[in-house]
Each structure stands twice: as structure tokens, then as C-alpha cells.
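Given the coordinates of chain A, assemble chain B with the ligands onto it according to the supplied hints.
Spelled out, the chains give:
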Amino acid sequence: MNLLQHIGKYFILLTHVFSKPEKLKIYYKETIKEIDKLGLNSIWIVVIISFFMGAVITMQTAYNTENPIYPKYLIGLTARDTLLLEFSSTIVALILAGKIGSNIASEIGTMRVTEQIDALEIMGVNSASFLILPKVVATIFFSPFLCLLSMFIGIMGGWIAGIATGVMTSQDYIYGIQYAFIPYYIVYALIKSAFFAFLITSISSYHGYYSYGGSLEVGQSSTKAVVHSSISILLFNVILTQLLLS
Amino acid sequence: MIEVKNLYKSFDNKQVLNDINVLFEQGKTNLIIGQSGSGKTVLLKSIVGLHDIDSGQVIYDDVIFNDLNFKEKKGLRQQIGMLFQGGALFDSSTVEENVMFPLDMFTELSYADKRERANECLKRVNIINANELFPAEISGGMKKRVAIARAIALNPKYLFCDEPNSGLDPITALVIDDLIKEITVEYNMTTIVNTHDMNSVMEIGDKVIFIYEGSKWWEGTKEDIFDSDNVELNNFIFASKLSQKIKDLKNVH
Ligand SMILES: Nc1ncnc2c1ncn2[C@@H]1O[C@H](COP(=O)(O)OP(=O)(O)OP(=O)(O)O)[C@@H](O)[C@H]1O
Ligand SMILES: [Mg+2]
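Chains A and B supply the protein sequences, listed in that same order. Here the numbering used here is used: the first residue of the first sequence is 1, the next is one more, and so on. Here the numbering used here is used: the first residue of the second sequence is 1, the next is one more, and so on.
Just chain A, same shape as in the assembly (with noise of 0.2 Å):
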């Protein structure tokens, strides 16, 4: 199959996701389920990672920018921008695309191969929407929290790593990080994140729904779906940068 078809495969399928729920009640449970699985589960990743990123950021910046005719704020500041423009979204996007995508392609991949989906439809219930939907809807709405965890924990990162190292002081950083701040960087941020959250778990679920085989195609299913996110991410990041920033 061409990547036309791929794309039109997957409108398709994306209208039987939002076509009206059966049940809603029965929806509701199922996204509570997706929260904790995809969102919960997701937080120490997140934690450990922005900490760490948010340190080295500092430190790079610091680094390179030993010179005295550059102001010692200005490190906070490289790192809050970093970390709001790009870290906290995006490549914290492209890390969950591992994650909660491999996890969402072998979980529906399987359930097709063992019939579980043939199971779903035989009794009437439309399988993509009951499958898919509680995912998409959990995943967009937990994500903006991760993206502002990792925004904070990210910026923690770098003010206590600047100070073990004792590249600036407390004050610079702080000063740093408040300097010529714009509040709008958080809100491209968050609708980034959350529109990267629709391409991981629809893109994912889309490659899991129509596995066929065994567990080998399984697997490939994942592979697929981690690296099709990634991309996808990467160029929307252009797309929504070029469209909410210039």
C-alpha cells in the first residue's frame, strides 16, 4: 500500500472513531482505564527526563557562554525558552511516541490477530470508536499536565544543577527565568502537545487496528507505529510552529 492509501485508510477509520458512542457511560469508564494506563503510568518518564535534560541545558548553556560580556541571566533564560519552545513539547512527544505508542499498537494489534476486534463487531459494538476513542480522548487530555510537569521539573532540573555546579548563582537563575517571559510560549506549548498526543494515539491505534497475522506482524505494527509517530511529529512541530508563532 502506497502512503495515499495509508492516509485514507486512516480518515476512515478516524470517522468511525468519533461516530456517536454507543454507551457513554461505558466510555467514560474506559477513559478513566486510558488515563491511568497511558497517563498516569507516564509521569516518571517524564520526570526523570525533563530533570536531567533541564540540568544539562543549564550547564551546556553556562558552558558556552563562559565570556563576561554575556550577562549571567541569560542562562535561566536559555533554558526556560528551550525548555518551553521545544523540550516540554515536542520531544517529550517524541519520547511518549515510544512508550504509549508501541504500547497502544501491540495492545489493538493483538486484539485483532486473536480476534478479539471480529469478537467486538459480531456483537454489534463499533470496535474502532469503543477501541480507539477512549485513548485519544485520554491521551489529549492528560497531556498538557505532562507538558507542564515537564516545564517545571525541567526548570527545577537546571537552577539545581547550576548551583551544584556553581556555574551562576541562584539569583541569576531566577532573574533569568522570569526575564522578557512571554505566557503565550506556555499556551503553544500546551496546544502543541496536545495535538502530538492525537497524532501518537490515532496513528498508533490505526496500525494495531489493522495488524493481520500473528505476532510477528504484531511487532512490526509497533515498529511502525513509534516511527510513523515520530515523524508525523516532526512535521506538524513546523506546521503548528510556523502557524501559532510567526
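No wet-lab data here; the hints were simulated from the structure. Careful: at least some of the hints might be erroneous.
As the list claims (entries may be wrong) - One side of the interface only, derived from the structure: several residues of chain A facing chain B at Cβ under 10 Å:
#	residue
1	Q60
2	K72
3	N103
4	E107
5	M111
6	Q116
7	I117
8	G124
To be verified - Straight-line Cα separation of at most 30 Å, DSSO-like style, residue types lysine-lysine; simulated pairs:
#	chain 1	residue 1	chain 2	residue 2
9	B	K181	B	K222
10	A	K23	B	K5
11	B	K143	B	K157
12	B	K74	A	K9
13	A	K9	B	K157
14	B	K5	B	K71
15	A	K25	B	K74
16	B	K143	A	K25
17	A	K9	B	K71
18	A	K25	A	K37
19	B	K247	A	K23
20	B	K157	B	K123
21	B	K114	B	K71
22	A	K37	A	K20
23	A	K37	B	K114
24	B	K245	B	K216
25	B	K74	B	K216
26	B	K216	B	K247
27	B	K241	B	K181
28	B	K222	B	K157
29	A	K33	B	K71
30	A	K23	B	K157
31	B	K71	A	K20
32	A	K33	B	K222
33	A	K23	B	K114
34	A	K25	A	K9
35	A	K224	B	K14
36	A	K20	B	K247
37	B	K73	A	K23
38	A	K25	B	K181
39	B	K143	A	K23
40	A	K37	A	K99
Cβ atoms here follow ideal geometry from the backbone N, Cα and C, with glycine treated the same way.
Quick look at chain B with the ligands alone, frame taken from chain A:
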């Protein structure tokens, strides 16, 4: 009653089913037999609409299934119970939740009533004290029985079983076969069973269809299957040394 008329089905230019015409009768267990790869599963899935057919008609009592729209098909499917080759129980739900699932989805019963109905069905298939176990924790034969319980939870008019006793020992296989037969009579359902097990044929084959390379090759009852002079059918039913011996003995007398 389910009628299939001139059904054709192919996958990417590979013809799998050729001009199938059959009438499956109500209150009886209708068997589809044939070698592995002959197209039994595809036929079953085409009848229930899990595969789109190339041409032909599938008629449920008076309703032409192909002519229904998406929503009408969903309505009809609530009268269908299906047992899949591997059981297809939902991995992340317990035995009881699996059986309750169709009730959750399609009835307005209270939780207590749903539980009662689920346990009634589980009891019907002799599953007791396993409600809280997950599919991974029960045996293959139990999985099949739980799947039957889930299939009959909504009192279906039509029951489809894909290889209900594959992978089971002869005694458990017999239990499952008898269960299907009893339920069919009890609820007066139209039941279609895929199998390549001759024991099942002799046990429950009210009506038997033999599929060979995607075409209907023979049709009859378990009583006249051994008297047929159809070469492919004979090769199929007398494939084992044991059955060949029995046949030779029969010819001598
Ligand atoms: N989704 C599909 N896409 C392409 N080909 C398929 C598909 N499903 C089945 N086939 C092909 O159709 C043919 C019939 O398969 P089917 O599963 O119906 O056999 P079967 O009679 O049920 O065999 P078994 O007894 O082993 O279950 C096979 O050659 C198979 O490769
Ligand atoms: Mg089969």
C-alpha cells in the same frame, strides 16, 4: 434459518469462495467441514459480515443482510452469538466481566441482574468458581466454554462456532459439542459450526456441508456421509488409518 445464495469471496485476486449456496436450518446444528485452508472460516465470517463479500446474498430469516445499512447490521448482530477459533475472550477482563460485557453494552439491566444473568450462563456451561480469573489463567477448554457463555448471554437467535473443539482432548471436545447441540435445541437457534473433526460430525451433524477448495462439494446428514461416493469427501473422512480400517471392515461384511 440462514440462506446463502451464490456467494463469492476473494482476497486480492485470490479466489477463496466460489458460488456457495446453502440453507442452514433453525433448531439444528449445521456443520461446515473441510480441510485446513479450504475456506471455512472465511465462509463463516462472510455470513456474519466480518468480511465483505464480492457478490451473492446472505439472508437471515426474511432479512437480506447485504442490503442493510451499518446501523441495521448492528441491530441484527445483537441476535448473533459467535464463538471464535481461539475463544477471543477479552484479555484485560475477568471471566465474569467477559460474559457481562454484551449485557453492559446492550441492556439497561441493573448490575445485580447482569451479574445474575452472567452467572446463569456460566453455570449453563459448567463454569463455577472461576468468575474472578483472567483468560490467561484458565485452560483452553474453559476458555471455549466461557466464550460460549458470552455468546449466549443475550439469547441470540443465531449461533456461529469456528472450530469449537480444536486443540481439546477427545472427552472435552465431546462435552463442548454436546453443549452446543443442547443449547441449539433449548433456544431453538440456527447454529453453524465449522469443524474438521469427524467425531463432531458423527456427534452433532444434523446437516453437513463439505467445502473443498472454496466450493461446496457435498451436502447431507451424518447418516449418509459414509455412503457417499464423492472422492474428495471420502479422502477427507477416511484420512486416518483408524477410519480406513473401519471402512474396510464394513466393506467385508
Ligand atoms: N484476511 C485474509 N486475507 C487474505 N487471505 C486470507 C484472509 N483470510 C483467509 N485468507 C485465505 O483464505 C483461505 C481460506 O482460509 P480459512 O481461514 O477460511 O481456512 P479454514 O478452512 O478456516 O482453515 P482452518 O481449518 O485451518 O481454520 C486461506 O488460503 C487463507 O490464506
Ligand atoms: Mg478456520
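For each hint, the structure was consulted:
no., hint, result
1, Q60, "44 Å, violated"
2, K72, "53 Å, violated"
3, N103, "13 Å, violated"
4, E107, "9 Å, holds"
5, M111, "8 Å, holds"
6, Q116, "5 Å, holds"
7, I117, "9 Å, holds"
8, G124, "4 Å, holds"
9, K181/B with K222/B, "14 Å, holds"
10, K23/A with K5/B, "36 Å, violated"
11, K143/B with K157/B, "22 Å, holds"
12, K74/B with K9/A, "22 Å, holds"
13, K9/A with K157/B, "34 Å, violated"
14, K5/B with K71/B, "23 Å, holds"
15, K25/A with K74/B, "19 Å, holds"
16, K143/B with K25/A, "28 Å, holds"
17, K9/A with K71/B, "21 Å, holds"
18, K25/A with K37/A, "19 Å, holds"
19, K247/B with K23/A, "57 Å, violated"
20, K157/B with K123/B, "20 Å, holds"
21, K114/B with K71/B, "25 Å, holds"
22, K37/A with K20/A, "24 Å, holds"
23, K37/A with K114/B, "27 Å, holds"
24, K245/B with K216/B, "27 Å, holds"
25, K74/B with K216/B, "29 Å, holds"
26, K216/B with K247/B, "24 Å, holds"
27, K241/B with K181/B, "28 Å, holds"
28, K222/B with K157/B, "24 Å, holds"
29, K33/A with K71/B, "28 Å, holds"
30, K23/A with K157/B, "23 Å, holds"
31, K71/B with K20/A, "11 Å, holds"
32, K33/A with K222/B, "50 Å, violated"
33, K23/A with K114/B, "16 Å, holds"
34, K25/A with K9/A, "29 Å, holds"
35, K224/A with K14/B, "27 Å, holds"
36, K20/A with K247/B, "59 Å, violated"
37, K73/B with K23/A, "18 Å, holds"
38, K25/A with K181/B, "36 Å, violated"
39, K143/B with K23/A, "27 Å, holds"
40, K37/A with K99/A, "11 Å, holds"
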